[in-house]
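Participant: Produce the entire structure from the sequences given, and follow the hints as far as they go.
Given next are the chains, with one letter for each unit.
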Amino acid sequence: MADTNSVTYNAAMGQALVSAMRKDDSIFVLGQGVATGGWFGAEKGLADEFGTDRVIDSNISEAFEAGLAAGAAIAGMKPVINMGFGDFALIAGDEIFHKLAKWRYMHGLNVPMSAVVIFPIGTMNGAGPEHSSCTEVLGMHFPGLKVVVPSTAADAKGLMCAALREPNPVLFHSVNTLSFQRGDVPADDDYFVPIGKGCVRRAGTSATVLTYGSMVSPSLQAAEQLALEGIDLEVIDLRSLVPIDWPLVLESVRRTNRAMVVHEAMKTAGPGAEIAAHIQEQAFFDLESPVLRVAGKDVPLPQHGYLESLCIPSTAEIVAAARQLCLG
Amino acid sequence: MNDKDVSRSTPGAEAVALMYRRMAITRAIEICMAKHVRNNRFSGWWHPGEGQEAAGIGATAAMQQDDYLFYQGRGCSWAIGKGMAPAPILGDLLGKPSGATGGKGGGVPHWSDYSIGVMGEGATLGSVYPLAAGAALAARLRGTGQVALANFGDGTAARGTFHETMVHAAAWKLPLIYFCENNEWLVGTPLKQVSPTENIADYAAGYHIPGVIVDGQDALAVYQVTTEAIARARAGEGPTLIEAKVFRKHGHYAGDPQHYRASNYLDTYRDPLDLLGTHLGDDQAADLREQATADVQSAYEAALAEADPEPDTIFKDLYYG
Ligand SMILES: Cc1ncc(C[n+]2csc(CCOP(=O)(O)OP(=O)(O)O)c2C)c(N)n1
Ligand SMILES: [Mg+2]
Chain A
1 MADTNSVTYN
11 AAMGQALVSA
21 MRKDDSIFVL
31 GQGVATGGWF
41 GAEKGLADEF
51 GTDRVIDSNI
61 SEAFEAGLAA
71 GAAIAGMKPV
81 INMGFGDFAL
91 IAGDEIFHKL
101 AKWRYMHGLN
111 VPMSAVVIFP
121 IGTMNGAGPE
131 HSSCTEVLGM
141 HFPGLKVVVP
151 STAADAKGLM
161 CAALREPNPV
171 LFHSVNTLSF
181 QRGDVPADDD
191 YFVPIGKGCV
201 RRAGTSATVL
211 TYGSMVSPSL
221 QAAEQLALEG
231 IDLEVIDLRS
241 LVPIDWPLVL
251 ESVRRTNRAM
261 VVHEAMKTAG
271 PGAEIAAHIQ
281 EQAFFDLESP
291 VLRVAGKDVP
301 LPQHGYLESL
311 CIPSTAEIVA
321 AARQLCLG
Chain B
1 MNDKDVSRST
11 PGAEAVALMY
21 RRMAITRAIE
31 ICMAKHVRNN
41 RFSGWWHPGE
51 GQEAAGIGAT
61 AAMQQDDYLF
71 YQGRGCSWAI
81 GKGMAPAPIL
91 GDLLGKPSGA
101 TGGKGGGVPH
111 WSDYSIGVMG
121 EGATLGSVYP
131 LAAGAALAAR
141 LRGTGQVALA
151 NFGDGTAARG
161 TFHETMVHAA
171 AWKLPLIYFC
181 ENNEWLVGTP
191 LKQVSPTENI
201 ADYAAGYHIP
211 GVIVDGQDAL
221 AVYQVTTEAI
231 ARARAGEGPT
241 LIEAKVFRKH
251 GHYAGDPQHY
261 RASNYLDTYR
271 DPLDLLGTHL
281 GDDQAADLRE
291 QATADVQSAY
301 EAALAEADPE
311 PDTIFKDLYY
321 G
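Protein chains in written order, with the working numbering: chain A, 1 to 328; chain B, 1 to 321.
You may find that some hints are simply not true.
As the list claims (entries may be wrong) - In silico lysine-lysine, BS3-like type, Cα no more than 25 Å apart, as pairs: (1) B:K35 - B:K104; (2) B:K249 - B:K192; (3) B:K104 - A:K102; (4) A:K44 - A:K102; (5) B:K316 - A:K197; (6) A:K267 - A:K197; (7) B:K316 - A:K102; (8) A:K23 - A:K44; (9) A:K267 - A:K297.
Hints listed in this document are in silico derivations from the structure and should not be mistaken for laboratory results.
Facilitator: Following this line, the structure appears as structure tokens:
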């Protein structure tokens, strides 16, 4: 295995930014607090190395930030903007879902348009209903964007490297609960995880768990528990939601004949709804059992840390759902 | 009005003739489209800009070819003024593959040509303020000396993006021009009913930037103030807010019965093409108009004769690569 270092998830994103900015003058970073290292540390040290011309603090102005990214991108730059919270996608809805997603299409332009929009998503112990949302499904509903959600520090670096080379706008969702988790991260400056490729985190034969982001780790824990009962789960980390790695998903489901989707995002019209529907369209006659969803409750997330914890899937819920899936 | 250190500029005879030619093309497209929309099925809406052409023509004449233009979609004076030909505009309005968007249609215009700095339109009004700032920041970072201009209507000055963007552009002295065409209407609502100020230029004071009011029916006056604003921007002195007082001669969209307007509202109308024409010889003006009408007619006929776009057009340009 190549050289690795123990690095936190957010610092790994930072490593990708540093190596890309050294090579590519067209990359600049903008957002609230980025010049002082970023609210969650992903931009730590960037301003020291690249100066505040390229690492730019903005005022409280999410629509401006995202719109500026779209304008800079069509003028040939590669903006990276940190939106602070996934929830704020809605403040900048026009800029992200109309301008970044549609500008090239509606103008009939076959040109590159690179922009990386970082959305820290998910619960973080009591951040409340407007600072904890998993908004990644929005990017799935507006064609023209790519959508990624890394679940490990290595992927945080690899997917950021990929996003910085991507000629299309990328919504890069960093998971709040993983921000300061360490992992083995390849030292290679160009460590690259292709957008649109999932990976098998645990091979198994009884059922396929399709998950990403914050729910990869609880899904793996559930799989270890169930292994003691003779249930052998395959856990797939999708990593990208646009595009989804359908060949990987369908190959696995056709082999295990059972599937469930696990995510922190709300259940109704969440990513799992699309994934379950797609599986039944493509592999209905390979299924032994209905596709299940274990997902966030359909409520605004409470400010209270304990109540909040009741709203997102626990390992026990994943275990119970997998038993139902496999044992009927 | 800030005119203390920038010398007054008037375009030479050749430049005036080019402005006139482009305004005449715009006018011919207006006449052509008015007839087309009346007699044909038309996708989307046509927002007539006849009579309001001097602002776009005058301002774009002050821009360099590589300066970035983001326009709002009334008429076509901005795109024509920046140098687009009638064919991609009419092709687009008729929904043909030769159109600027390759057949996606232009009822609400999305004409662009990056080779001459026509960056396009955001049909969610007010969305181009931050985009223009992004282009201006790109120019600043690359050190190219380009400026970006965001054109918008009086109603669109109320958008939050107006403020969010100018807060930053003024703080950072970005090479950005805000260019408002104040025709005193947003659809059927008079501006005075929904605005604390009659002059959009008044907002400039809050950002500590110059706010300039100009007669928007007079292309040469518009040229002059825009030239000054651009010189300021290129010199690193930051943004200017220009407000051109213009006249909406027609309804909001082609076919708007305008029940909300006084019956004699046209009494105060001054035709910008005639005004600019006074700076040309009579023969020259007539020749240029004739030529423009003929060019537009042949572009229109070519577009009419063209086949509709292929069905797979709906999947084009969604992702690059
Ligand atoms: C964000 C947004 N809100 C509303 C509309 C609908 N709309 C289209 S044109 C228009 C009037 C715009 O007024 P103004 O900016 O003064 O430009 P004018 O039409 O007078 O040229 C409106 C409300 C829109 N396209 N986008
Ligand atoms: Mg108006």
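Participant: If a hint holds in the structure, say so; if it doesn't, say that too.
Facilitator: Status of each hint after checking the structure:
1. Under the criterion of a C-alpha separation no larger than 25 Å, the hint pairing K35 of chain B with K104 of chain B is consistent with the structure, at around 22 Å.
2. Between the alpha carbons of K249 of chain B and K192 of chain B the distance comes to roughly 18 Å, so the proposed pair stays at or under 25 Å and holds.
3. Distance restraint check for K104 of chain B and K102 of chain A: the Cα-Cα separation of roughly 12 Å lies within the 25 Å cut-off, and the hinted pair is therefore satisfied.
4. Only pairs whose Cα atoms come within 25 Å are accepted, and K44 of chain A paired with K102 of chain A is rejected, the gap being roughly 32 Å.
5. Between K316 of chain B and K197 of chain A the CA atoms are separated by roughly 23 Å; this keeps the pair inside 25 Å, and the hint holds.
6. The hinted pair formed by K267 of chain A and K197 of chain A meets the criterion: a straight-line CA distance of about 23 Å does not exceed 25 Å.
7. About 11 Å separates the Cα atoms of K316 of chain B and K102 of chain A, which keeps this hinted pair within 25 Å; it holds.
8. At roughly 18 Å between alpha-carbon atoms, K23 of chain A and K44 of chain A fall within 25 Å of each other, so this suggested pair holds.
9. In summary, the hint linking K267 of chain A to K297 of chain A is supported, as the alpha carbons are separated by about 6 Å, within the 25 Å threshold.
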